[in-house]
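Those protein sequences? They're chains U and P, same order as listed.
So the first sequence is numbered by the numbering used here: it starts at 82 and just counts up by one.
So the second sequence is numbered by the numbering used here: it starts at 473 and just counts up by one.
No lab work stands behind these hints, which were simulated from the structure alone.
Predicted, not measured: the structure shown is a model, and the values here were computed from it.
Using N, Cα and C, we set each Cβ at its ideal position, and we do this for glycine too.
Misleading hints may appear alongside valid ones.
To be verified - Now the stretches of chain P that chain U is said to cover, found in silico as 3 or more residues with beta-carbon under 8 Å: (1) 620–628; (2) 647–655; (3) 686–694; (4) 733–741.
What follows is each chain in one-letter form.
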Amino acid sequence: MKPRNFCRKILATVLLAGISATASAQMLINGAGATFPYPIYSKWFDEYVKVDPSVRFNYQSIGSGGGQKQILAQTVDFGASDGPMSDENLGKAPGKILHIPTVAGAVVLTYNLAGNPTLKLDGDSIAGIFLGQIKKWNDPKLAALNSGAKLPDQDIVVVHRSDGSGTTFIFTDYLSKVSSEWKQKAGNNTSVNWPTGIGGKGNEGVSGQVKQTPGAIGYVELIYATQNKMPYAEVKNSAGQFVKPTIDSVTAALATAEIPADFRFSMTNAPGKDAYPICGATWLLVYEQQKDPAKGKKLVEFLKWAAKDGEKMAKDLDYAPLPETVQERVLKLINEIKM
Amino acid sequence: MEVATAPASKAFGAPGEPASARQVMARPSRFGDKAFEWLTCAMALTVAVLVILTGWELWIGSVGAIKKFGFHFLTTSTWDPVADQFGALPFIYGTLVSSAIALIIAVPLGIATAAYLTELAPLWIRQPLVSLIEMLAAIPSVILGLWGIFVMIPWLRDYPFAWLKRFFGWTPLFSGSIYGPCMLAGGIIIAVMILPIIVSVSREILRSVPDLQREAAYGLGATRWEATRIAVLSYAKKGLFGAVILGLGRALGETMAVTMVIGNTPQIVASLFQPGYTLASVLANEFTEATTDIYLQALFEIGLVLFGITILVNLLAQLLLRTIATTSATRAVQ
Numbered sequence: 082m083k084p085r086n087f088c089r090k091i092l093a094t095v096l097l098a099g100i101s102a103t104a105s106a107q108m109l110i111n112g113a114g115a116t117f118p119y120p121i122y123s124k125w126f127d128e129y130v131k132v133d134p135s136v137r138f139n140y141q142s143i144g145s146g147g148g149q150k151q152i153l154a155q156t157v158d159f160g161a162s163d164g165p166m167s168d169e170n171l172g173k174a175p176g177k178i179l180h181i182p183t184v185a186g187a188v189v190l191t192y193n194l195a196g197n198p199t200l201k202l203d204g205d206s207i208a209g210i211f212l213g214q215i216k217k218w219n220d221p222k223l224a225a226l227n228s229g230a231k232l233p234d235q236d237i238v239v240v241h242r243s244d245g246s247g248t249t250f251i252f253t254d255y256l257s258k259v260s261s262e263w264k265q266k267a268g269n270n271t272s273v274n275w276p277t278g279i280g281g282k283g284n285e286g287v288s289g290q291v292k293q294t295p296g297a298i299g300y301v302e303l304i305y306a307t308q309n310k311m312p313y314a315e316v317k318n319s320a321g322q323f324v325k326p327t328i329d330s331v332t333a334a335l336a337t338a339e340i341p342a343d344f345r346f347s348m349t350n351a352p353g354k355d356a357y358p359i360c361g362a363t364w365l366l367v368y369e370q371q372k373d374p375a376k377g378k379k380l381v382e383f384l385k386w387a388a389k390d391g392e393k394m395a396k397d398l399d400y401a402p403l404p405e406t407v408q409e410r411v412l413k414l415i416n417e418i419k420m
Numbered sequence: 473m474e475v476a477t478a479p480a481s482k483a484f485g486a487p488g489e490p491a492s493a494r495q496v497m498a499r500p501s502r503f504g505d506k507a508f509e510w511l512t513c514a515m516a517l518t519v520a521v522l523v524i525l526t527g528w529e530l531w532i533g534s535v536g537a538i539k540k541f542g543f544h545f546l547t548t549s550t551w552d553p554v555a556d557q558f559g560a561l562p563f564i565y566g567t568l569v570s571s572a573i574a575l576i577i578a579v580p581l582g583i584a585t586a587a588y589l590t591e592l593a594p595l596w597i598r599q600p601l602v603s604l605i606e607m608l609a610a611i612p613s614v615i616l617g618l619w620g621i622f623v624m625i626p627w628l629r630d631y632p633f634a635w636l637k638r639f640f641g642w643t644p645l646f647s648g649s650i651y652g653p654c655m656l657a658g659g660i661i662i663a664v665m666i667l668p669i670i671v672s673v674s675r676e677i678l679r680s681v682p683d684l685q686r687e688a689a690y691g692l693g694a695t696r697w698e699a700t701r702i703a704v705l706s707y708a709k710k711g712l713f714g715a716v717i718l719g720l721g722r723a724l725g726e727t728m729a730v731t732m733v734i735g736n737t738p739q740i741v742a743s744l745f746q747p748g749y750t751l752a753s754v755l756a757n758e759f760t761e762a763t764t765d766i767y768l769q770a771l772f773e774i775g776l777v778l779f780g781i782t783i784l785v786n787l788l789a790q791l792l793l794r795t796i797a798t799t800s801a802t803r804a805v806q
């Protein structure tokens, strides 16, 4: 009989799963948080099995907010966040939480204009567009920056992220640094009170809406723009150079960004003539004092591996690896973890 | 129902059956009845408890925001996570308006489809059509949303919206520039999503209208339209209203697809071409990344408001249903 066969199959699978779970007494390390670094983290977890088969990782990419909440509630062994934790949230923690930077990424301005010209933008004009003050593509400010390109007499349609995201955090962090008006009117957070524009959900929502709307401009992670073959702007950095967003120009920004001892740094608008100004790092969050010594030891081993060998995989997945000087500092930080 | 159960009960107490056999049968069946009663009662209670617990959890989660913002939460329009200022009015407005648009489109379409399927369509076409409509219900809402961004919105923007603007641009409803994602697009996508439930429930209801009704109407010389209108639709009014309420319930809580096409801007403007925002959308958008306490509590309160609106709408519907029932009853007496 068919249904009985089906039941047997299910029973067999359940039993098998039970047996295999008990047979290989693997240690399970739980993590949760940011979605932006999820592709590289899952690659690391896959690769690390070859290094140490006794550890398995379970990572839930539920968003940076969720990652911070779960590490505070100690429901995970490590958290992950695209923005550093606030003093307020750190104050709620039962112990000292370390910020371990892993990789960085760029946020690019992508647009939909006839002929796909490569635009040049500066902080002032980007803030003007997203504040709703620059309304037309042939605005004198934009024309002055792009003397070569012919910009149409067309309305600018601003597209921003509607969901709270690290990408928005990086973008508004940059805008708050370059425009005092932006800082005062909208400010810096994972989601803000946008002065103008349409909200698209996720990188795919923003890139989709930019692609569908003539005259639109939006911000997405670099990888989304390259994968969807969308044009993106060169942005003037604090040294006065127009820089194309690439993995190298992000690493250049990391190299010159001021990084304090607790690693809660912002790398937007970093000095240095090769640095792309709109980019940000992502962090793993772990307690300095590990509760479970066996698990803590395995976690530290993994973190060390990630900081050395894992970094080499970043470029293939379109993430900017940490420069060597920062890597050394990160390794020192990992050594501070106590069992 | 009565027709179906009558022969069964007769067979059970059949006079030819020996009395002893009946007694043997009776005992276990009584135990089974009791067990069944308890089991179903427990299940029904579980549902009720779940609803109450959900409301309770939402209340607990939002107490801080309720204390801080009070009634202003429902009457102000600023939603600023940076300054910790939260007002839900644009989301409430967006939820109600987008659901209303959806109902305006989906109800006539749904009931007409159901009427065609039960009253007029040739038999060979009914089953394929029904299957197609049921398949529409099986499409995941993310897929519908992506379809909305890439196919529906560009088409709407270039043809129907442009047409509406040309002829009705003088009314506040269709004024201003057309971006694509907007309140109207949100309402249309909800209409697509609630259409299957309205059609299938309405169809079941129209099918349950006894043929006697139709025959009587035809017997009095009614045309097909008159028979459908008076004998079928009017007779099934209460049930059809229930179908609409089921659709509305879905419309209020619809999240993913709407978020992708409504534009996600918390504002209250008359023009349906402007982006809007709904309660469910802001939850889907911001819940995962909310880090401060008050922000999270405000989002919980959004959930509570949505919960409240859904209950309120259902209560109003019950009330309306009762008035419809009483008026048609008095008319029947007259």
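query = Which numbered conditions among the earlier hints are violated in the structure presented, ordered from lowest to highest?
reply = 3
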